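K.L.:
Line by line, the protein sequences give chains A and B.
Counting from 20, one number per residue, gives the positions in the first sequence under the numbering used here.
Counting from 20, one number per residue, gives the positions in the second sequence under the numbering used here.
Please keep in mind that the hints were generated in silico from the structure rather than gathered at the bench.
Misleading hints may appear alongside valid ones.
Copies of the same chain look alike in the list, so a pair counts if it works inside one copy or between any two.
[Stated by the list, open to error] Pairs of lysine-lysine, DSBU-like flavour, derived with a Cα cap of 35 Å:
#1 Lys355 x Lys156
#2 Lys46 x Lys508
#3 Lys508 x Lys83
#4 Lys274 x Lys83
#5 Lys516 x Lys323
#6 Lys91 x Lys516
#7 Lys516 x Lys365
#8 Lys156 x Lys508
#9 Lys323 x Lys281
#10 Lys156 x Lys379
#11 Lys355 x Lys508
#12 Lys91 x Lys470
#13 Lys274 x Lys516
#14 Lys359 x Lys80
#15 Lys156 x Lys483
#16 Lys516 x Lys144
#17 Lys379 x Lys359
#18 Lys278 x Lys156
#19 Lys144 x Lys352
#20 Lys397 x Lys470
#21 Lys470 x Lys125
#22 Lys397 x Lys91
#23 Lys508 x Lys119
#24 Lys91 x Lys436
#25 Lys483 x Lys119
#26 Lys599 x Lys292
#27 Lys365 x Lys164
#28 Lys164 x Lys274
#29 Lys397 x Lys384
Keep in mind it's a predicted model, so treat the numbers as computed, not measured.
Number of protein chains: 2
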Amino acid sequence: MYRTHSCGELNITNVSQEVTLSGWIQKSRDLGGMTFIDLRDRYGITQLVFNMDTNADLCQKARKLGREFVLKISGIVTERESKNAKISTGDIEIIVSEIKILNASKTPPFTIENDTDGGEEIRMKYRYLDLRRNPLKENLMLRNKVGFEVRSYLHGIDFMEVETPYLIKSTPEGARDFVVPSRMNPGTFYALPQSPQTFKQLLMISGYDRYYQLVKCFRDEDLRADRQPEFTQIDCEMSFVEQDDILNTFEGMTKHLFKKIKNVEMSGFPRIKYDDAMRLYGSDKPDIRFGMQFVELNELAQNKGFNVFDSAELVIGICAPGLATYSRKQLDKLVKFVQKPQIGAKGLVYVKYNEDGSFKSSVDKFYSQEDLKAWADKMEAKPGDLMLVLSGDTAHTQNALNVLRLEMGDRLELRDKNTYAPLWVIDFPLLEWNEDSKRYHAMHHPFTAPKPEEMHLLESEPGKVHANAYDLVINGVEIGGGSIRIFDKDIQAQMFKHLGFTDEEAQEQFGFLMEAFEYGAPPHGGIALGFDRLVAMFGGSDSIRDYIAFPKNNSGQDIMISSPSAIADAQLEELFLEVKNIQ
Amino acid sequence: MYRTHSCGELNITNVSQEVTLSGWIQKSRDLGGMTFIDLRDRYGITQLVFNMDTNADLCQKARKLGREFVLKISGIVTERESKNAKISTGDIEIIVSEIKILNASKTPPFTIENDTDGGEEIRMKYRYLDLRRNPLKENLMLRNKVGFEVRSYLHGIDFMEVETPYLIKSTPEGARDFVVPSRMNPGTFYALPQSPQTFKQLLMISGYDRYYQLVKCFRDEDLRADRQPEFTQIDCEMSFVEQDDILNTFEGMTKHLFKKIKNVEMSGFPRIKYDDAMRLYGSDKPDIRFGMQFVELNELAQNKGFNVFDSAELVIGICAPGLATYSRKQLDKLVKFVQKPQIGAKGLVYVKYNEDGSFKSSVDKFYSQEDLKAWADKMEAKPGDLMLVLSGDTAHTQNALNVLRLEMGDRLELRDKNTYAPLWVIDFPLLEWNEDSKRYHAMHHPFTAPKPEEMHLLESEPGKVHANAYDLVINGVEIGGGSIRIFDKDIQAQMFKHLGFTDEEAQEQFGFLMEAFEYGAPPHGGIALGFDRLVAMFGGSDSIRDYIAFPKNNSGQDIMISSPSAIADAQLEELFLEVKNIQ
Numbered sequence: 020m021y022r023t024h025s026c027g028e029l030n031i032t033n034v035s036q037e038v039t040l041s042g043w044i045q046k047s048r049d050l051g052g053m054t055f056i057d058l059r060d061r062y063g064i065t066q067l068v069f070n071m072d073t074n075a076d077l078c079q080k081a082r083k084l085g086r087e088f089v090l091k092i093s094g095i096v097t098e099r100e101s102k103n104a105k106i107s108t109g110d111i112e113i114i115v116s117e118i119k120i121l122n123a124s125k126t127p128p129f130t131i132e133n134d135t136d137g138g139e140e141i142r143m144k145y146r147y148l149d150l151r152r153n154p155l156k157e158n159l160m161l162r163n164k165v166g167f168e169v170r171s172y173l174h175g176i177d178f179m180e181v182e183t184p185y186l187i188k189s190t191p192e193g194a195r196d197f198v199v200p201s202r203m204n205p206g207t208f209y210a211l212p213q214s215p216q217t218f219k220q221l222l223m224i225s226g227y228d229r230y231y232q233l234v235k236c237f238r239d240e241d242l243r244a245d246r247q248p249e250f251t252q253i254d255c256e257m258s259f260v261e262q263d264d265i266l267n268t269f270e271g272m273t274k275h276l277f278k279k280i281k282n283v284e285m286s287g288f289p290r291i292k293y294d295d296a297m298r299l300y301g302s303d304k305p306d307i308r309f310g311m312q313f314v315e316l317n318e319l320a321q322n323k324g325f326n327v328f329d330s331a332e333l334v335i336g337i338c339a340p341g342l343a344t345y346s347r348k349q350l351d352k353l354v355k356f357v358q359k360p361q362i363g364a365k366g367l368v369y370v371k372y373n374e375d376g377s378f379k380s381s382v383d384k385f386y387s388q389e390d391l392k393a394w395a396d397k398m399e400a401k402p403g404d405l406m407l408v409l410s411g412d413t414a415h416t417q418n419a420l421n422v423l424r425l426e427m428g429d430r431l432e433l434r435d436k437n438t439y440a441p442l443w444v445i446d447f448p449l450l451e452w453n454e455d456s457k458r459y460h461a462m463h464h465p466f467t468a469p470k471p472e473e474m475h476l477l478e479s480e481p482g483k484v485h486a487n488a489y490d491l492v493i494n495g496v497e498i499g500g501g502s503i504r505i506f507d508k509d510i511q512a513q514m515f516k517h518l519g520f521t522d523e524e525a526q527e528q529f530g531f532l533m534e535a536f537e538y539g540a541p542p543h544g545g546i547a548l549g550f551d552r553l554v555a556m557f558g559g560s561d562s563i564r565d566y567i568a569f570p571k572n573n574s575g576q577d578i579m580i581s582s583p584s585a586i587a588d589a590q591l592e593e594l595f596l597e598v599k600n601i602q
Numbered sequence: 020m021y022r023t024h025s026c027g028e029l030n031i032t033n034v035s036q037e038v039t040l041s042g043w044i045q046k047s048r049d050l051g052g053m054t055f056i057d058l059r060d061r062y063g064i065t066q067l068v069f070n071m072d073t074n075a076d077l078c079q080k081a082r083k084l085g086r087e088f089v090l091k092i093s094g095i096v097t098e099r100e101s102k103n104a105k106i107s108t109g110d111i112e113i114i115v116s117e118i119k120i121l122n123a124s125k126t127p128p129f130t131i132e133n134d135t136d137g138g139e140e141i142r143m144k145y146r147y148l149d150l151r152r153n154p155l156k157e158n159l160m161l162r163n164k165v166g167f168e169v170r171s172y173l174h175g176i177d178f179m180e181v182e183t184p185y186l187i188k189s190t191p192e193g194a195r196d197f198v199v200p201s202r203m204n205p206g207t208f209y210a211l212p213q214s215p216q217t218f219k220q221l222l223m224i225s226g227y228d229r230y231y232q233l234v235k236c237f238r239d240e241d242l243r244a245d246r247q248p249e250f251t252q253i254d255c256e257m258s259f260v261e262q263d264d265i266l267n268t269f270e271g272m273t274k275h276l277f278k279k280i281k282n283v284e285m286s287g288f289p290r291i292k293y294d295d296a297m298r299l300y301g302s303d304k305p306d307i308r309f310g311m312q313f314v315e316l317n318e319l320a321q322n323k324g325f326n327v328f329d330s331a332e333l334v335i336g337i338c339a340p341g342l343a344t345y346s347r348k349q350l351d352k353l354v355k356f357v358q359k360p361q362i363g364a365k366g367l368v369y370v371k372y373n374e375d376g377s378f379k380s381s382v383d384k385f386y387s388q389e390d391l392k393a394w395a396d397k398m399e400a401k402p403g404d405l406m407l408v409l410s411g412d413t414a415h416t417q418n419a420l421n422v423l424r425l426e427m428g429d430r431l432e433l434r435d436k437n438t439y440a441p442l443w444v445i446d447f448p449l450l451e452w453n454e455d456s457k458r459y460h461a462m463h464h465p466f467t468a469p470k471p472e473e474m475h476l477l478e479s480e481p482g483k484v485h486a487n488a489y490d491l492v493i494n495g496v497e498i499g500g501g502s503i504r505i506f507d508k509d510i511q512a513q514m515f516k517h518l519g520f521t522d523e524e525a526q527e528q529f530g531f532l533m534e535a536f537e538y539g540a541p542p543h544g545g546i547a548l549g550f551d552r553l554v555a556m557f558g559g560s561d562s563i564r565d566y567i568a569f570p571k572n573n574s575g576q577d578i579m580i581s582s583p584s585a586i587a588d589a590q591l592e593e594l595f596l597e598v599k600n601i602q
């Protein structure tokens, strides 16, 4: 028997008991006649004591043990003289009578502490050691807890978890597929799912009514810091529902999670139309922990002789409360900030609303104090505030002011990690025009239903049609999205046509779904939540990688196991494949 | 709003309520002035009534609707005249006032009934329609329930679910991998996991103590009826444990499942050593719902002039109670049965123990009544029983008698579907000799630890070493297996050597694991249960395919979505691959 207790459970009530513990040496300290070892396991840390006076041999032995050695010890639980209130076992220590070294350890390449001295690369190579550190362990325990609560909630309201296949069929729509050559069917390939979209729709056609799955999905995209080639989705679908049914159901789930994970009671989530989100925040994932909404100034600011504004499609501003005290230097820096290539504004107009009621702006040449007072009134600015105004074409200007707004929110400390502001963004456009391919792309995906009341525009003005599509956004992060689906073969065929599919391509790729629509498809809709991102949000972090046990780096590699790697020629031959043309 | 209630919830307490239901037409019947429609959803069936006298238009409309049409109806709940006790809604019906056709349906290619007229192939092509049938729906609901209970139990005893990666590294040990070409790393491949074995061991080295995961695994094997290229495993690992800790933990889980799923209380599971299982049942997965254990007859049966027995390595028999009445014809059929190529016995000796105490056998020429009485005594046969004896080399004879024993068990109706007889088979051999490759293969896998007390034989007589490896067997089906693992680098290296790895190969493929062993690996062990098979067992079936939503056929194809399929040349080019040499 390796242990009678874990390293996290002994306390003052166990004093005088003989116990056996197993774990790792977190650290040891020699204090003259005494040696102390902190023994660690998943559940906590227990202090071990060795005394030169009473057991010199054992104490000598203990002094030779290094960090991360694995021990089994037996001894008596004793009350500590100097207690440690920070840990649950802090009132006691073990007077050790017996040590068994279960395994030795080389000195780890970085310290196994909350703050480690190891760089990113070495910690990825020794991920199994990095996972010993408390912050990562807590992240994965959080992930386990969130996953369990998601399942409990959905199970409780009659959702069935159904596993859909991983070896499916490659389709060119959407992101790039990972493919899997089939040995039994030479020259053909499976694809790994980007999502179980078509399968969950088929399950609705099968009458399964409420489906969910926590499921790995795969996208062969060039990776950014916060993307992984494999990621986990909470994938859901419901039948006989309208948009409100889905929003209410998953608002319920999200509230349940906040209660269980954060002990936070949430009230109803605001619902903002996509067009309004763009107008007020310049983003389809607004951070509404703070206000600072966009105010349109076209009417007030144009035709006063300032050419930059006069020639702009849109003039919009935000009001940063209390920042009229910004110095010239601070303002110049702000101008530089919005001119960075990734933001791309040409310039920034500022207006200080001084405490004495006067205005000082970078465009005093063109605007009188009365003009600026009118801006201030429209922006509901008060003396002491700073107005920041951008102009240009709508899309770029909204985008730039969105970034500036978030920056000002950070500076004003309005984006508190422990405040949560969820909302639904609804009524997304059905299609978006893509300049590169000169065709419409599905804003959500090709199975999203147009709003019935706008169906008549689908032929004539497809770009104007909205969809019953929605995103769940929390603190400026898109946590999930979904839509009411098409369940009529003809509408689906029409959608494929708008997306540039020929009839043959539509048939070849999605014929099975369109055929299924002919056998009694029910109205249905669903949602998919990014599980990695949801957990990271609960953990208060932007980095999903810290919430995945074995993530890949930005080149899609797992450097711990050296994957991907070359395979044997015999394997390639069995698959009828040849590698070629590598530069 | 599509419905106020499901089709499974209305009863006598709802009479007089106005309700709205949505669902599929299961069937309709015109009875003179009345039309009845059974409306179906996931939750049940509700009878709708239309009356020519009171609402002729609506009744006419209802008569035109076909099977599997999707309807939304409103009406009043009414008590039925002739009740149907078989369904929960059988006391009521709905007098319909309004119908909306949500979707039409073509006539399905097979009937959506418990017993369908559709063949295997057509039901696979229209799997989404087959899934509408009650038996398949109940299978998937059972699967959902078993999965949820597995998670609840393991969560309750501090197991953490940790997701391990799907894009890993190909290793030649074990079955054939599915591989995934990496576009970002030209000429290299990921592999899909055959199991998360090395990752779960790394998680133990990370100190995670108790890990589990319900996880898809992949094997590119030639498929048999009951194999799938992707399958689901309940994968578990524990630290600081001995074999007993694991057996007790998963015995606890299995009992929990039997209680929750079948409402069956189980007592302790017998534990049988592998060597004993082979000796007594000729199988490492014995069906112990019935006795009929093997009895060795070498001493009694040899050296009596019967050359077949004299030259045999093993003479073994079973006693089939009460079958002494078998006719010559029945016995001849039994001989033919064991001579089938897949069983491969040369012949079968039978001995009838007649009710009058006399014996009649196929070898009366060689054995006296006293000889046969001695056999009967050893086999604990009683008058009226039939003894069946096989001989030959040990392995083939045990195997043939195992098949015969199961056949006799079936004939005597001793293998009741609703009786459950779980057991642990323990102490498996560590290695097995493979005649084709002329080397040892790991009986379980290369990470299984030799029994410490037999470690000294590992160099000299590796074939004699046993392992702390164990299988969970229920009703003759292997539900899961596992082992205590090696956690010492040198022993792991020695194992790889016995398995024919060069040092370089071991380093190349499993260097990361052996290196991890040097940083404080704890003693650990685990188990993996076949989830598909476990669910099928609870469902009383041998066919895992009926418990998988979208299974593949024996050629690894999903004929519903036509996968696998050719991919675009551009996709191949991006992956630096060429398909070639297909005959």
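K.L.:
Please go over all the hints and tell whether each is borne out by the structure.
P.N.:
A quick look at each hint next to the structure:
Proximity of Lys355 to Lys156 under the C-alpha cut-off of 35 Å is found in neither arrangement, the shortest distances being 41 Å within a copy and 62 Å between copies. In this assembly of identical chains, the alpha carbons of Lys46 and Lys508 lie at most 35 Å apart only when taken from different copies (24 Å versus 67 Å within one copy). Taking identical chains as interchangeable, the C-alpha atoms of Lys508 and Lys83 lie at most 35 Å apart only when they sit on different chains, with a minimum of 21 Å there against 75 Å within one chain. For the homomeric pair Lys274 and Lys83, neither the shortest alpha-carbon distance inside one copy (52 Å) nor that between copies (46 Å) is at most 35 Å.
Taking identical chains as interchangeable, the C-alpha atoms of Lys516 and Lys323 are never at most 35 Å apart, the minima being 47 Å within one chain and 86 Å between chains. For the identical chains of this complex, Lys91 and Lys516 are inter-copy neighbours only, at 30 Å across copies versus 68 Å inside a copy, given an alpha-carbon limit of 35 Å. In this assembly of identical chains, Lys516 and Lys365 lie within 35 Å of each other by CA distance neither inside one copy nor across copies; the values are 39 Å within and 67 Å between. Within a single copy, Lys156 and Lys508 get their C-alpha atoms only as close as 49 Å, which misses the 35 Å cut-off; across copies the closest is 25 Å, which meets it.
Proximity of Lys323 and Lys281 under a CA criterion of 35 Å is satisfied in neither setting, with 52 Å inside one chain copy and 81 Å between copies. In this homomeric assembly, Lys156 and Lys379 never come within 35 Å of each other (Cα to Cα): the closest approach is 53 Å inside a single copy and 71 Å across copies. With identical chains, the CA atoms of Lys355 and Lys508 are never at most 35 Å apart, being 53 Å at best within one copy and 57 Å at best between copies. In this assembly of identical chains, Lys91 and Lys470 lie within 35 Å of each other by CA distance solely across copies; the values are 20 Å between and 66 Å within a copy.
For the identical chains of this complex, Lys274 and Lys516 are neighbours neither inside a copy (40 Å) nor across copies (55 Å), given an alpha-carbon limit of 35 Å. For a Cα distance limit of 35 Å, the shortest separation of Lys359 from Lys80 qualifies neither inside one copy, at 61 Å, nor across copies, at 67 Å. In this homomeric assembly, Lys156 and Lys483 never come within 35 Å of each other (Cα to Cα): the closest approach is 48 Å inside a single copy and 41 Å across copies. Taking CA atoms no more than 35 Å apart as the test, Lys516 paired with Lys144 passes between copies only; the shortest distance there is 26 Å, against 48 Å inside one copy.
Taking the closest pair of Cα atoms, Lys379 and Lys359 come within 35 Å of each other only inside a single copy of the chain (25 Å); across copies the shortest separation is 101 Å, beyond that limit. For the identical chains of this complex, Lys278 and Lys156 are neighbours both inside a copy (22 Å) and across copies (33 Å), given an alpha-carbon limit of 35 Å. When the C-alpha separation of Lys144 and Lys352 is checked against a cutoff of 35 Å, the pair qualifies neither within a copy, at 40 Å, nor between copies, at 64 Å. For a Cα distance limit of 35 Å, the shortest separation of Lys397 from Lys470 inside one copy, 34 Å, qualifies, whereas the shortest one across copies, 81 Å, does not.
Taking CA atoms no more than 35 Å apart as the test, Lys470 paired with Lys125 passes between copies only; the shortest distance there is 26 Å, against 64 Å inside one copy. Proximity of Lys397 and Lys91 under a CA criterion of 35 Å is satisfied in neither setting, with 72 Å inside one chain copy and 50 Å between copies. Taking CA atoms no more than 35 Å apart as the test, Lys508 paired with Lys119 passes between copies only; the shortest distance there is 18 Å, against 70 Å inside one copy. In this assembly of identical chains, the alpha carbons of Lys91 and Lys436 never lie at most 35 Å apart, being 41 Å within a copy and 46 Å across copies at closest.
Proximity of Lys483 to Lys119 under the C-alpha cut-off of 35 Å is restricted to the inter-copy arrangement: shortest distance 29 Å between copies versus 73 Å within a copy. Taking identical chains as interchangeable, the C-alpha atoms of Lys599 and Lys292 are never at most 35 Å apart, the minima being 50 Å within one chain and 53 Å between chains. For the identical chains of this complex, Lys365 and Lys164 are neighbours neither inside a copy (47 Å) nor across copies (59 Å), given an alpha-carbon limit of 35 Å. Taking the closest pair of Cα atoms, Lys164 and Lys274 come within 35 Å of each other both inside a single copy (15 Å) and across two copies (24 Å).
When the C-alpha separation of Lys397 and Lys384 is checked against a cutoff of 35 Å, the pair qualifies only within one copy, where the shortest distance is 21 Å, while the shortest distance between copies is 116 Å.
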